[in-house]
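Dock chain to chain to rebuild the complex, using the hints, since each chain is given by itself in its own frame.
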Amino acid sequence: MGHDLANPVLSLRDLTVEIKTRRGLLKPVDGVSFDIAPGEILGIVGESGAGKSMTGNAVIGLLDPPARIAGGEVRLAGQRIDTLSSEEMRRLRGKQIGMIFQDPLTSLNPLLRIGDQLTETIRTHLDLGANAARERAIAALDEVGIPAAEERINSYPHEFSGGMRQRAVIALTLCAEPSLVIADEPTTALDVSVQAQIIALLKRLCRQRGVAVMLITHDIGVIAEAADRIAVMYAGRMAEIGDVAEVLRRPRHPYADGLLSSTPAASAGQARLRQIPGAMPRLTALPEGCAFAARCERAQDRCRQGAAPRLEADNGRTACWFPIQHGEVEA
Amino acid sequence: MLAYILRRAAQSVLVLLVVGLIAFSMFRFIGDPIDNMLGQEAQQEDIDRLRTELGLDAPLLVQYVRFLSSAVQGDFGVSYGQGRPVADILAERAPATLELALVSGTLAISFGIVFGVFTAIRRNGFAAQAIMSLSLIGVSLPTFLIGILLIYVFSVELGWLPSFGRGETVELGWWTTGFATRSGLLALILPSITLGLYQMTLIMRLVRSEMLEVLRQDYIRFARARGLRTRTVYFRHALVNTLVPVTTVIGLQLGSIIAFGIVTETVFQWPGLGLLFVNAIQFVDIPVMAAYLMLISVMFVLINLFVDVLYFFIDPRLRVDRSEASA
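Which chain is which? The protein sequence lines are S and H, in order.
Residue numbers for the first sequence, in the numbering used here: 1 to 331.
Residue numbers for the second sequence, in the numbering used here: 1 to 327.
In isolation and in its complexed conformation, chain H is listed as follows (with noise of 0.2 Å):
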């Protein structure tokens, strides 16, 4: 067990460091911040000079090779566009896109299990049917037309939540939280809901077909054929082997809940890290933008080993040695 945790965390590192490569090597397409940090009147020789400071005359890998190293420091560098530490940037940032990944990412499971159970036990039913088709919209319309749809509904005509920021938070040491007051929490409902209604949609949809492929299997009809009760049966047997497949697809949707907030945090102004990098980008701000995307997959490097982990505790099958596995 422990060395099958060593040899996934040596595999990470290993996708960090080429996943941090590629996105290096494309910030150069982005533009050239020294155009943007100096203007269009600027002097060749301030632009020469500048560009030695900020170490952008040095060829790509040896760029590379120093932010890796300054990064491991915990030194990110300073950004570009705000003139600050983007660690401090990003320590700042965090709480809002963590919080709001927190409350989407619940959302989505809870209702995505529920109404995936539901739909896969009343599978010939009204209302499972009802729900399925409707769950196609939530598949099918992109992310920020869903939001200004809410915003346009909640906010514009009914006026009974804010279409846009954090409301009010309350300071928990370096933490900032919305989770303490009223306007903080009626601020996160119209964003969790956008966030999470697709993968809500995903993995009720994930559950209820391996939920029926359980259904089918030989067990489920032993377990029948026992005069199991129904919810044993169901909750019991079928459900937990339907999970097996269903972690691993939820430990990757957590992961984009937190990476591509981009969207949702646009639409509705929310100061987290996702609007921090759009403007980056904007700017092309660098240190910003190459923090963030390594703190992304730093993420989905931590949950995949996450959910590789939760296998171990759900799945005996997996817990057996190799050498015994031929039994």
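Same shape as in the complex, but just chain S (with noise of 0.2 Å):
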């Protein structure tokens, strides 16, 4: 795809999260690997508490306690910054990592003005004076699409629509200039006919400043648009990874393809929708082994025994013992 992976922007090993309760010490995120280069965007997908939110939360230092980082490394641009502490953490997130969340009707501080929020966001990273920082504001805001930027960026939250607030959000994200943006679901919350449009506009902004992006979203529509690469997670850990084009058409992860054959978006042609029997194992409840394959039509006696597959099973693309050979995917 042309993007330099030798050189990401993020990049985790083995990232492990973990959170003490009564009943035990669960792993919302258990040994997760990736990158992402400069400009390229990484779509991660997977049902509600695979991880991908808490993943996301861990790189840019906003995990709730309990939930800690218990183990791996994240290295932004080269650099360890999970072992920050939490000033030079909050340093870096608006200046080095962005991050946008799924509800625009309320991510923006409802009793201040979209242009203060936007102005104390520039001060608070760049070193630029009460008219400078408000020109960067209204630029900002101009960039992201909104209209007269100049007589809105006086205006409440209130007073924008859905699809207007999101954008507003993406400026206050864009506005310090990030090298990493993570968006939660940045599309979940609003109206069909303004999800493109959004996701339009977030991939056209990071490209032009190759600013790397981490997608959430459990919508494989907006991943098939925006994305690069497509990480899939399941029950905390990652079960495949690949280039989108390849993983949509061959998956290889036999919950990648059952997730995929459950959407009607990518599984536009087939016949019907297939669902995966059963559900998700709960964090308390981890089976040994792959947790998988209790669902899994391919299992066999080794998924059920020993350690969890990881990708390094099937050359860096598949956490899976028996991955899909296309060539034999069931007609």
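Hint data in this document are derived by calculation from the structure and do not stem from the laboratory.
Hints are supplied without guarantee of correctness; some may be wrong.
[What the hints assert, rightly or not] Partial list, derived from the structure: chain H residues whose beta carbon lies under 7 Å from chain S:
{"no.": "1", "residue": "W174"}
{"no.": "2", "residue": "G227"}
{"no.": "3", "residue": "H237"}
{"no.": "4", "residue": "R317"}
[Claimed, not checked] Label pairs and their computed distance ranges (CB to CB):
{"no.": "5", "chain 1": "H", "residue 1": "S209", "chain 2": "S", "residue 2": "T21", "range": "21 to 27 Å"}
{"no.": "6", "chain 1": "S", "residue 1": "R209", "chain 2": "H", "residue 2": "L310", "range": "40 to 46 Å"}
{"no.": "7", "chain 1": "H", "residue 1": "S25", "chain 2": "S", "residue 2": "D64", "range": "37 to 43 Å"}
{"no.": "8", "chain 1": "S", "residue 1": "N154", "chain 2": "H", "residue 2": "S209", "range": "29 to 35 Å"}
{"no.": "9", "chain 1": "S", "residue 1": "Q79", "chain 2": "H", "residue 2": "L318", "range": "58 to 64 Å"}
{"no.": "10", "chain 1": "H", "residue 1": "L310", "chain 2": "S", "residue 2": "T21", "range": "39 to 45 Å"}
{"no.": "11", "chain 1": "S", "residue 1": "T21", "chain 2": "H", "residue 2": "I189", "range": "48 to 54 Å"}
{"no.": "12", "chain 1": "S", "residue 1": "N7", "chain 2": "H", "residue 2": "F235", "range": "37 to 43 Å"}
{"no.": "13", "chain 1": "S", "residue 1": "T188", "chain 2": "H", "residue 2": "S209", "range": "26 to 32 Å"}
{"no.": "14", "chain 1": "H", "residue 1": "A10", "chain 2": "S", "residue 2": "T21", "range": "31 to 37 Å"}
{"no.": "15", "chain 1": "H", "residue 1": "L141", "chain 2": "S", "residue 2": "Q79", "range": "32 to 38 Å"}
Glycine is no exception: its CB is placed at the ideal position from the N, C-alpha and C atoms.
Here it is in structure tokens:
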């Protein structure tokens, strides 16, 4: 794809997040590794509770206690950031890593003007005077396609529509020019007609500036539209990762395969949607071996014993002992 | 905005009328003022003559309308007990009550907000937990008991502070102030703590729970994700949002500080409106009671109106015209 994966913006190695509870130690994120290159969009999919958002929060340093990073490494442009103090991490947020949340209606402070929220962010990270910050704020609004930015900068959030607010959120996220953006379900709360616009906007701006994007969603359609690569998570672990067209066309992990054929957009042309039997195991009751084994048609004894398979099991593509070999996929 | 205030003012007048009527009709159950004024040996004809003179033989509604029509002209009648115009008595007593309310209200609001924010931010810290436990005392101990305990410790045992009265006061026109002398200020300490403690713990607990709620909101998360300084997140984003609902309660509490200073004023023999009212009840001094109750309801209504107007300045969402509110 032409992305420089040798010098990734973000690099996770064996990232593990733990939550201590009365019923024992939970691992909502368990040994997750991936890289994102400059200008690349990595889509992360998985069902609720698969650890997508938790991974994003761990990267930006916003895990709510008692959740904490218990192992592995997070590197931003080669520098380890998971060991930084909370104040150092705070300086990084907004400046180097931006985050977009699901609901634009609640992401903005209702009592402050859009412009004030922009300038406070700009002046926190960049050494600019009030006027320069204001000009930059207007430019940022203009860039995300808000008409008459010079006037709208004085608006309050409630005077904007949902789509406009998400545009303002994107402006806020990008205004200090971060090199990595974590977008956590950025379009889920929006009207379908607005979703495509927002995704296109996000894609254009990040491409232009060489920003790496971690796009968290459960909407395969959004991934197909925007992402360069796709990572499928299941029960806190990475199930499959690869080039988006390749994975969508020829998924190798049985869970990825099941997920795709249960999604209308991705399985267009197929006679009918399939469902995956059963439900994702709870984190309190993860089985030994592969977490998906109980729901998997291909599972054999090896899947139910010992350590869970990791991405190395299939040359870094799939965490499965018996990946689907295309050509033998059932009709 | 203006239309809104006018509409609220009209509603307020209605509320005042109703409150006045209810209060007025309740006086009938307190006792007969004539008994108190003439004593048990009175002749029936004297009783009847006085009753007619005071207008007490007229139907309740007529009495009420008479009271209202002279009240609007600033005439609240003559006190049965003291034989002086009620308006004069109230004006004489008001400074003591208002100064006490001002001091204890300021204490309650400032300490309430500071402690509330502190216990919300450091919610698992030792100090915050200790404050929360102590605040239970403020909420659950009755005012008179707190007053008596304070008097016992600081006046009787330690002898640091006076146990009753206003101390020396200075006259500024018709206003008498206790702020100007040392003994006046010392005399304010115990009553204002007694009166403000409950309000303070209430405000503190409210600020704390609202703040914890606000801190869970997405815009706080987003403010953090933008790398804003912790101080900015807490005070510019979280606290201001917390104050929206808290403002209403604070407004109402201010009203009750003035209105229900009765207990505190009695415990400390504070020469204010509350003490006046208590004495008036004992004497069935209807003009004083009626004037006091009307005064208190006017105060509540004004505070409510003020709080509503304040909302306009705090919350931009209310400033929108109805027509564009659906945008």
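Here is what the structure says about each hint:
{"no.": "1", "hint": "W174", "verdict": "violated (42 Å)"}
{"no.": "2", "hint": "G227", "verdict": "holds (3 Å)"}
{"no.": "3", "hint": "H237", "verdict": "holds (5 Å)"}
{"no.": "4", "hint": "R317", "verdict": "holds (5 Å)"}
{"no.": "5", "hint": "S209(H) with T21(S): 21 to 27 Å", "verdict": "holds (25 Å)"}
{"no.": "6", "hint": "R209(S) with L310(H): 40 to 46 Å", "verdict": "holds (44 Å)"}
{"no.": "7", "hint": "S25(H) with D64(S): 37 to 43 Å", "verdict": "violated (57 Å)"}
{"no.": "8", "hint": "N154(S) with S209(H): 29 to 35 Å", "verdict": "holds (33 Å)"}
{"no.": "9", "hint": "Q79(S) with L318(H): 58 to 64 Å", "verdict": "violated (47 Å)"}
{"no.": "10", "hint": "L310(H) with T21(S): 39 to 45 Å", "verdict": "holds (44 Å)"}
{"no.": "11", "hint": "T21(S) with I189(H): 48 to 54 Å", "verdict": "holds (49 Å)"}
{"no.": "12", "hint": "N7(S) with F235(H): 37 to 43 Å", "verdict": "holds (40 Å)"}
{"no.": "13", "hint": "T188(S) with S209(H): 26 to 32 Å", "verdict": "holds (30 Å)"}
{"no.": "14", "hint": "A10(H) with T21(S): 31 to 37 Å", "verdict": "violated (57 Å)"}
{"no.": "15", "hint": "L141(H) with Q79(S): 32 to 38 Å", "verdict": "violated (57 Å)"}
When the structure is compared with the earlier hints, violations turn up for hints 1, 7, 9, 14 and 15 and for no others.
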